[in-house]
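Participant: With the hints in hand, could you dock these two chains into one complex?
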Amino acid sequence: MTIRAIAGITFKEAKRDRILYLLLFFAALGIVASRVLAILTVGDRVKIIKDVGLASISLFGVLMAILIGTGLVYKEIDKKTIYTLLAKPLHRSEFILGKFLGLVLTLLVMTGAMALIFLAIVFAHTGTIEGGLLVAVAYIFLELVLITAVAILFSSFSTPILSSLFALAFYLIGHLSWGLELLIKKMRPGAGRVLVHALYMVLPDLENFNFRTEVVHGLSIPPGIYLISLLYGVCYTAFILGLAVLIFRRRDFV
Amino acid sequence: MADAIRIENLRKTFRLGFIPRPREILKGITFSVREGETFGYLGPNGAGKTTTIKCLLDLIHPDSGTIEILGRPASSPRSREPLGFLPENPYFYDYLTAREFLAFTADLFGLDRCVKRERIARLLGLVGLERAADLPLRKYSRGMLQRAGLAQALINDPKLVVLDEPLGGMDPLGRKEIRDIIVRFKDEGKTVFFTSHILQDIEMICDRVAIIVGGRIVKEGGLRDLVSEKVLFTEVTVSGISPQAFADLGECVSTRGDRVLLKVYDEALVDAVVSLVHDRKGRLVSLSPRTETLEDIFVDTVTRT
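Just so you know, the protein sequences line up as chains A and B, in that order.
The numbers in this note's numbering rise by one with no breaks, and the one at position 40 of the first sequence is 40.
The numbers in this note's numbering rise by one with no breaks, and the one at position 149 of the second sequence is 149.
Pulled out of the complex, with its shape left as it was, chain B reads as follows (with noise of 0.2 Å):
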């Protein structure tokens, strides 16, 4: 499969303060996003997520290294002819009507009329825009400026879409909206390229995930590769039992009333908790092994770099 974005060492030095004092922003990034695939891009707040994101688009121009969009350099405007691109924050003209700033970025892509107008009505549809769509941006929610920015983003049909965090600011159900569009755009053999804060989405979304922290790439991989299936311990929670109980046999997390939470981390000794509880008559409330998350990974890999 052939690669939507190629970054080869890349490097990015900013000259900050009244006295220009170097910082290096990007220390050498590599990695690669294949055709089709959801790439999440994950790192703490000032890792280089978004510098990376300007780079790729141009914005920013890197001291050395490669980037690739779909095989052209991207230094060239034509390798954004085939991106979709939404920023963090986004910031439209707030004067125009999310109709007219569609039309606008339509314009921007030399659409003709018909298929903008096709377009235009289908992308706010899509975003649930419809009835908004003839408001002032400036009268919109935070979540529905994101909407509208996940709108202009796919005005041009494009292959490859980047989403700088898409999901932030957005009220659960807009979360889950935002998240089912994700997932369409892989069925439709899109590729996405994202960064977020929220670990379950990039888990549940996810095929393969890079780890940012202080300008290097220190993960990448399969999300399935990274992530193992092994249990790391199963929460039980059993009512009619003192804690004391099952002091061999697990850690008591805590106590509410007659209920006790406890973490038992050897897998064998989960049945002879439920015995026990068998045994004394007591009440087995829940029961729930815990795999490792990418949040585990996630917080792991930052805390050790």
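Next up, chain A with everything else stripped away, as it sits in the complex (with noise of 0.2 Å):
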């Protein structure tokens, strides 16, 4: 009961920030102007369309997941309004699980509205929608409520531009860690070797969720997969929760 009122209230808070609408707006730029690109390119146009669009949805989506996330703790400190609440009966931890699912629901509506909008333009050119899209953007939600855990855990002791800044590191390591997998093949045995294995175990593989290249040109994919990247995506965002939890646990409200 108390989540789900805190999840309320960070919701209705969310939907009213205005950076919210100009990047859904930029987001449906994005999609409509694969059509564009589409007509504009070699090769062939159903492809750009899926690839375009399914890129503008997880980049304006993980723009959404910072921008927003990493405001929501620190404005109800910055604003006091945390005394109000943490004066009520509840837990540090339904607070910060509150908010989480507040803002995992308004990036849920958020990337719903985007893919409506992607799979309205697939569908005007190709009369079908097939069901892989639909896995590929249950994907990036995944990644997104990733993303929303590390803005949360950064916001629940840092400034909003700081936190971003270290959201979109965690972003960009995440996609650029799996290199480290093609390190460890090409180095000898020994310390060296061990030493990034054990770096790429502990950085993010944002890779993990994505799809985008298989749904677009039609490859196939093993289930297990799927059920592997859920199973890594579900893990990591309740070590990263776990982790907001612990030190929001310990944090003096001064």
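Check the hints yourself; a few may be wrong.
[Stated by the list, open to error] Computed cross-link-like contacts, DSBU-like style, restricted to lysine-lysine with a CA-CA straight-line distance of at most 30 Å:
1. B/K139 to B/K176
2. B/K159 to B/K186
3. A/K80 to B/K230
4. A/K15 to B/K139
5. A/K79 to B/K139
6. B/K230 to A/K75
7. A/K80 to A/K186
8. B/K116 to B/K139
9. B/K139 to A/K80
10. A/K75 to B/K139
11. B/K176 to A/K79
12. A/K12 to B/K186
13. B/K219 to B/K230
14. B/K116 to A/K80
15. A/K79 to B/K281
16. B/K27 to A/K80
17. A/K80 to B/K176
18. A/K79 to A/K15
19. A/K80 to A/K15
20. B/K27 to B/K159
[To be verified] Per the computed footprint, the stretches of chain B lying under chain A, defined by three or more beta-carbons under 8 Å from a beta-carbon of chain A, are:
21. 48 to 61
22. 82 to 92
23. 102 to 113
The set of hints was computed from the structure by calculation and includes no laboratory data.
Only a predicted model underlies this, so the values are computations on that prediction, with no experimental measurement involved.
Glycine included, each C-beta is placed from N, C-alpha and C at the ideal position.
Facilitator: Right, here's the structure in full:
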């Protein structure tokens, strides 16, 4: 009940943020522009539309998660609304979870809106909607859920600007860390390889949620991969949220 | 009578600045508030009043010491179930209306829909916000926000009400209304713990007080025990007589036109002043004995500490 109330108020607050609608507008513009881009490009136009459309959903979704998520907890502390909230019989973990779920709900609505525009454009071009596209969007959403947890983690102890930079760094590292896997394969066995391997284990691998290439080019994916990616997303999100709760519980609200 | 609040040897040090330097804010505070009483917590700015309240509400983790709310440790969220809190300068979600905000706070206590509706209507009436109930809080004046804050503090029908400067920013009429509400709490058997800079209000409402200075409780006790009934001096205003005539009887504080304001420190000399006025055909305008007030005790305590 408490978590639901906080999630509700977070959703209410997030949907008032103008930046959300600005990003939604640009996302829609990006998706619509994919059609123009397809006309100007040589090759399979449908693939271009799908590729650019999915990339737009991912990019603007991440921007939404970071820009709104990093301010959520900080604003409560800065505006001192947190005094009224934490003076009620609620655990600090419930507060963090409520904030997280409220933003996840906001992103669900926004991703849904972007996906609708995208699917409408694809349908207008091909006359059909492939299930694979929905799966790709679902995994983009899963990535956004993880980024939201990261944004809330940084927001629980840092300012919005720093939190945004940290969360953006997490996103970039997450999409580049697969390079370490290649490096491990090329390295000789030894301490260096163990070190790089340990680093690869600790760093996030957000490419686990990227099924765009496979879906756009119609490549088959073993069902087990979906399940592993889902588990990876759920576990990593739970770990980050746990960390956020741990930090938030120790804070003094001076 | 059981304790509604029990604080024992509470200590808190903050580390402030770029190169953190320890600053001890609470230096071993001990006091208790009994159930059903109205307790005033006084102190100059920076004495540690708000820090004590924040420790009480677990917004700040104390370094050491014990805090209990109605027998439960303050670190447990359950201890806040029977508690209502109004922060100093309350900040709320300004895009919500008072009704929506109260509904939200009711949800945090898990009140069911019928109780919630009935209680919101009753509290809006109690704090005089029925007409403004559907206006967003950003359009509220400071006094109206204070009322909304008081209403949210009462949404769970608390046994213990903690109010941090509840009368700050209120006009005289609003202050009286809030004061009356606090007095009503006492009739309903609620315990009230509050801080205020307006000492007359504390004197009118409280059963007991504690004075904190520099992070230490320097005085604690029943208001009647602290404030004596002894007359400190008598203020006498007379007209039609020169001030020199009273030179041996009292101190001339001011003169305005033919009016003279005197301070007579010896109670036995008051009769002599009255006789002198009568003999010289003057006029006695006013005569008021001044007993010790909480303000006198507060100023004296703070100055000495």
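Participant: If a hint holds in the structure, say so; if it doesn't, say that too.
Facilitator: Outcome of the hint check:
Between B/K139 and B/K176 the alpha-carbon distance is near 23 Å, which keeps this suggested pair within the 30 Å criterion. Distance check on the hinted pair: B/K159 and B/K186 sit about 10 Å apart at the alpha-carbon level, within 30 Å; holds. Using a Cα cut-off of 30 Å, the hinted pair A/K80 and B/K230 is violated, with the two alpha carbons roughly 45 Å apart. Distance check on the hinted pair: A/K15 and B/K139 sit about 20 Å apart at the alpha-carbon level, within 30 Å; holds.
A C-alpha spacing of about 17 Å is found between A/K79 and B/K139, which places the hinted pair at or below 30 Å, so the restraint holds. Distance restraint check for B/K230 and A/K75: the Cα-Cα separation of roughly 53 Å exceeds the 30 Å cut-off, and the hinted pair is therefore not satisfied. With a C-alpha separation of about 53 Å, the suggested pair A/K80 and A/K186 falls outside the 30 Å cut-off, and the hint is violated. Only pairs whose Cα atoms come within 30 Å are accepted, and B/K116 paired with B/K139 is accepted, the gap being roughly 24 Å.
Simply put, B/K139 and A/K80 have alpha-carbon atoms about 18 Å apart, close enough for the 30 Å limit, and the pair holds. Between A/K75 and B/K139 the CA atoms are separated by roughly 20 Å; this keeps the pair inside 30 Å, and the hint holds. Our distance criterion of 30 Å between C-alpha atoms is met by B/K176 and A/K79, whose separation comes to about 29 Å. This hinted pair does not check out: A/K12 and B/K186 have alpha carbons roughly 38 Å apart, beyond 30 Å.
A C-alpha spacing of about 19 Å is found between B/K219 and B/K230, which places the hinted pair at or below 30 Å, so the restraint holds. Between the alpha carbons of B/K116 and A/K80 the distance comes to roughly 25 Å, so the proposed pair stays at or under 30 Å and holds. Straight-line distance between C-alpha atoms of A/K79 and B/K281 comes to about 66 Å, which puts the hinted pair past the 30 Å bound. Pair hint B/K27 plus A/K80 holds up; C-alpha atoms about 26 Å apart against a cutoff of 30 Å.
About 27 Å separates the Cα atoms of A/K80 and B/K176, which keeps this hinted pair within 30 Å; it holds. Simply put, A/K79 and A/K15 have alpha-carbon atoms about 18 Å apart, close enough for the 30 Å limit, and the pair holds. Note on A/K80 and A/K15: the hinted pairing holds, with a Cα-Cα distance of about 21 Å set against a maximum of 30 Å. Simply put, B/K27 and B/K159 have alpha-carbon atoms about 28 Å apart, close enough for the 30 Å limit, and the pair holds.
With 6 residues having a Cβ less than 8 Å from any Cβ of chain A, the stretch 48 to 61 of chain B passes the three-residue criterion, so the hint holds. Only residues whose beta carbon comes within less than 8 Å of a beta carbon in chain A count, and the stretch 82 to 92 of chain B has 7; three or more means the coverage holds. Chain A is given as covering the stretch 102 to 113 of chain B, and this holds because 6 residues of the stretch bring a CB closer than 8 Å to a CB of that chain, at least three being needed.
Violation of the numbered hints given earlier is confined to hints 3, 6, 7, 12 and 15; the remaining hints are satisfied by the structure.
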